[in-house]
Amino acid sequence: MTRAAHPEAMAPPKKGPTRTAPPRMPGSWWGAPRIRTYLLFGATGVVYFLAGTVVLHLVWALGKGPDAWATVMASLSHPLYLVFHALTLISVLFVGIRAFGTMMPKMQPRGGPLPVLAPGLVRGLIYSAWAALTLVFSLILAGKIGS
Amino acid sequence: MVQVSRHDIVIVGGGGAGLRAAIAAAEANPDLSIALVSKVYPMRSHTVSAEGGAAAIARDDDNEELHGFDTVKGSDFLGDQDVIEYFVENAPRELALLENWGCPWSRNEDGSVSTRAFGGMSTKRTWYATDKVGFHMLHALFQHSLRFDNIVRYDEFFVTKLLVEDGRCQGVAALEIRTGEFHAILGRSVILATGGAGKIFPFTTNGTIKTGDGMALAYQAGVALKDMEFVQYHPTGLPGTGILITEAARGEGGYLRNNKDERFLVDYDYGVGDKAELGPRDMVSRAIIQEFEAGRGFEGRYGKYCVVDLRHLGEKHIDAKLPFVRELAKIYIGVDPVHEYIPIRPVVHYMMGGVDTDINAATELPGLFAAGEVACASLNGANRLGSNSLTECLVFGAVAGRNAIEFAQGAGEGNSSALVSQAEEEAARVEALRGNGRGNEKIAGLRHEMNSTMEAGCGVYRMQESMQIAATETRSIRKRAADLHLKDSSRVFNTEIVSALELQNMVELAEVLAVSAAHRKESRGAHTCRDYPTRDDQSFLYHTLAHRTDDGPRLGRKEVKLGHWEPQERKY
Amino acid sequence: MAESKKMLRVEISRFDPDRDEVPKTQEYEIPVQDDWKVLDAINYIKDEVDPSISHRWSCRMAVCGSCGMMLNGEPKLTCKTPLSDYDETIKIEPLANFPIVRDLVVDMDGFMDKFRKVKPWIVRAKARAEDMEDLNEKGTFSQSPDQLATFKQFSMCINCLLCYAACPVIANEPEFIGPAAIALGHRYNLDSRDEGQAERNSIFRGEGTVFSCSFANECSEVCPKNVDPAAAVNQAKLAAVVDWAKGLVLPREGA
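Chains as they are written, first to last, in our numbering: chain Z, 1 to 147; chain A, 1 to 572; chain D, 1 to 255.
Mixed in with the good hints there might be a few duds.
[Unchecked claim] DSBU-like mimics (lysine-lysine), calculated; alpha carbons at most 30 Å apart, straight line:
{"#": "1", "chain 1": "D", "residue 1": "K152", "chain 2": "D", "residue 2": "K138"}
{"#": "2", "chain 1": "Z", "residue 1": "K15", "chain 2": "A", "residue 2": "K161"}
{"#": "3", "chain 1": "A", "residue 1": "K487", "chain 2": "D", "residue 2": "K6"}
{"#": "4", "chain 1": "Z", "residue 1": "K14", "chain 2": "Z", "residue 2": "K64"}
{"#": "5", "chain 1": "A", "residue 1": "K487", "chain 2": "A", "residue 2": "K161"}
{"#": "6", "chain 1": "D", "residue 1": "K152", "chain 2": "D", "residue 2": "K237"}
{"#": "7", "chain 1": "D", "residue 1": "K6", "chain 2": "A", "residue 2": "K442"}
{"#": "8", "chain 1": "D", "residue 1": "K6", "chain 2": "D", "residue 2": "K91"}
{"#": "9", "chain 1": "Z", "residue 1": "K14", "chain 2": "D", "residue 2": "K24"}
{"#": "10", "chain 1": "A", "residue 1": "K275", "chain 2": "D", "residue 2": "K138"}
{"#": "11", "chain 1": "Z", "residue 1": "K14", "chain 2": "D", "residue 2": "K119"}
{"#": "12", "chain 1": "A", "residue 1": "K330", "chain 2": "D", "residue 2": "K5"}
Quick caveat, the hints were computed from the structure, so don't treat them as lab data.
Keep in mind it's a predicted model, so treat the numbers as computed, not measured.
Modelling step: build the complete structure from the supplied sequences, incorporating the hints.
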């Protein structure tokens, strides 16, 4: 409880009959491991934003012609870029597992016309689709299909 | 300065009975104002801890005669039969109402409400919502009560006195725990629904809030307490903490075993075959103590114990029907009942006695009603059958609510200034206690003394001598409780003063309990004397009444209302 | 009972509005028993060392929901948490995100207000039980075990408020109605006996309700009863949207 929460957090609709101490937040964000996970999860947005600019850069290069494309492609193997690629991969795995593996399965609508599947099954389906798409894109990039 | 507020009826207690009363009253007339005063937020009330179920006829093989006779026999013929007949007749309707209000009762495949077997019940008539029945009932009631704008809640207000003027009860004086301020909450009738007083004893399934406040309030206002000697020991509580392992564990087919690994209840003849474990609570508790005395109990850090064996039910059945038992056993004793035995011992569970009420939930004091465990309508007599009490909260809560409204409509406003000045006197008394810094007695110390006195004197098996000692000692403890030393002088949320007031309530009741017990020289239901081992209908087929005097309770008697069920030997 | 007394340092947050400007910490050194829960330690201090500590508790079996506190910064039920989880020191504070009334006691009135907003009761066109339609001859609704299972999990909330103390959204957005209240509203929406979905879904589309949730999942992590309020909130998001979309296409009944 090192930081103050919003002064009105969970405050009653009308002020209580005695003076209260203001609400506190649970821990500093780095000190509380679970909030840390949540914030890192949110922070992956920055990585995706950067990855997006890289993709835009590639598209721009594509429009410029083969020389520009080759230059940009070559620059991608720069060690700093490799670190960034690794970071992107970690972010994708992190979000893939947390959002799609853990959270999505329990969002299935209940009480409607659709059956509620076992979370494990949903997770399995999502991961299979993920693996299949990865395979397809890898094959495309390796020039095995579609060229 | 006391703050004064006025309502039509004032309900003290926000558990099953209090909420049911509030809803009944609110439904009866939306223009009347109902105050619901509780020392905790209603969803914290101890109804929440009930596990096994609520009894009412549901199946085609059941009828009022059967449920009625089971209850009469369970009560060891001390139940009032008019009350029992009314109860069994209205029980199904009350449980169905709760269903309509959202209680998630467990269901059969065909969509009807499912029932389970319980001790002393001749057929499956216990409605259940897995093994968290009290929790689901309380939350359904509380949530349903929120739709009524005319129920005004006073959460975390501790009532210290009934305001009686002109020969009738016209409100309560209450301490607002949050502010430390005093309130006179006036009404034309008052309902007590504060529950039991298990905390008089050291090992109890009861939560810490169960300090018998309502019983003490009525007793101090001159109303009789009835049958206080009858204290139910639940056979299966966890040693040490006293946490309840529901009777549904037996109802669903669990066994009790001793240290020889025997299903010892088979030898006690409370039931044949699969029903061997389904004896009523008083008898099963005695059987466990007999096992201890014969050297067939296990030894543990909290004394002797036997075990509940659920292993043969299988993980699936346990998770479907008894998930809370599994959770509690894992958390509080570190065993998984799917593979291991759960250690248990008899622990204090329920007070059959309480404020003397009749079939109308009315007390001898006009304008004062009582329902639930605080009351003794004599539904339960000398021993309550498991799963009758939750239903009792509903049936007689509703009766109290309706009758209190009716009484209020026929009663005048009363003399406000006299009531307020009573509340002011009361405020001064409580104020003098707050952080008094004098006094020679410690709250916790005196509580431990009271606990061990009651355990020694008024346990499962009792002796004339030990009860007499308990009576003498509780009298001295009561007197000493006037001399408490309090250290916390703060105004806001002072829980020390609440504990002190609760203790002063409990010591009054402990004395009544011990004196009433010593007086009853027979064995009936939960009251078992070694020196008087049989039931004596010639001399003791009556209710014990206790009126307050400064020198201790003055005992009287009240006739048992018999009906078409003649007293007979109680055999299962 | 006297075996193996270990000493433990307990730091308790103290606040008395009449004396203290802000909460302060008080330390106690007490002997503890190996089978104690954290609540036993607090009660030992109150009984034997310092009777002026204020805290709420009752059932000591994890069902009344009174005794939620922050233990070393994590919201927990003190009656359920073994002391053996803590080595030499434990820091006990009132639940985060709530105004503090006194010591370990927080102001719940804000919660009670939010709780009522979701209409946590069976809504029927005809509300009085006597007037309800579709009741069978025994006076109950028919509900299959599957229909029961649809909402049962979300009916297990004990209102202990741990989820509010853990929720990062609550900490920053006071209007947010919060996990337990939404889970309860969603529980009634899923109940086959209820007819209040449209009313509650329109509440859920309002400011400060389900769409304030950023799916941090903290509430489900700390829930002592496995209610999984995060699931309820996010199912409710979907249901509220579907309900809104339906309203665009289909004519509303009775509107």
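message: Of all the hints numbered above, which does this structure not satisfy? Sort the numbers upward.
response: 4
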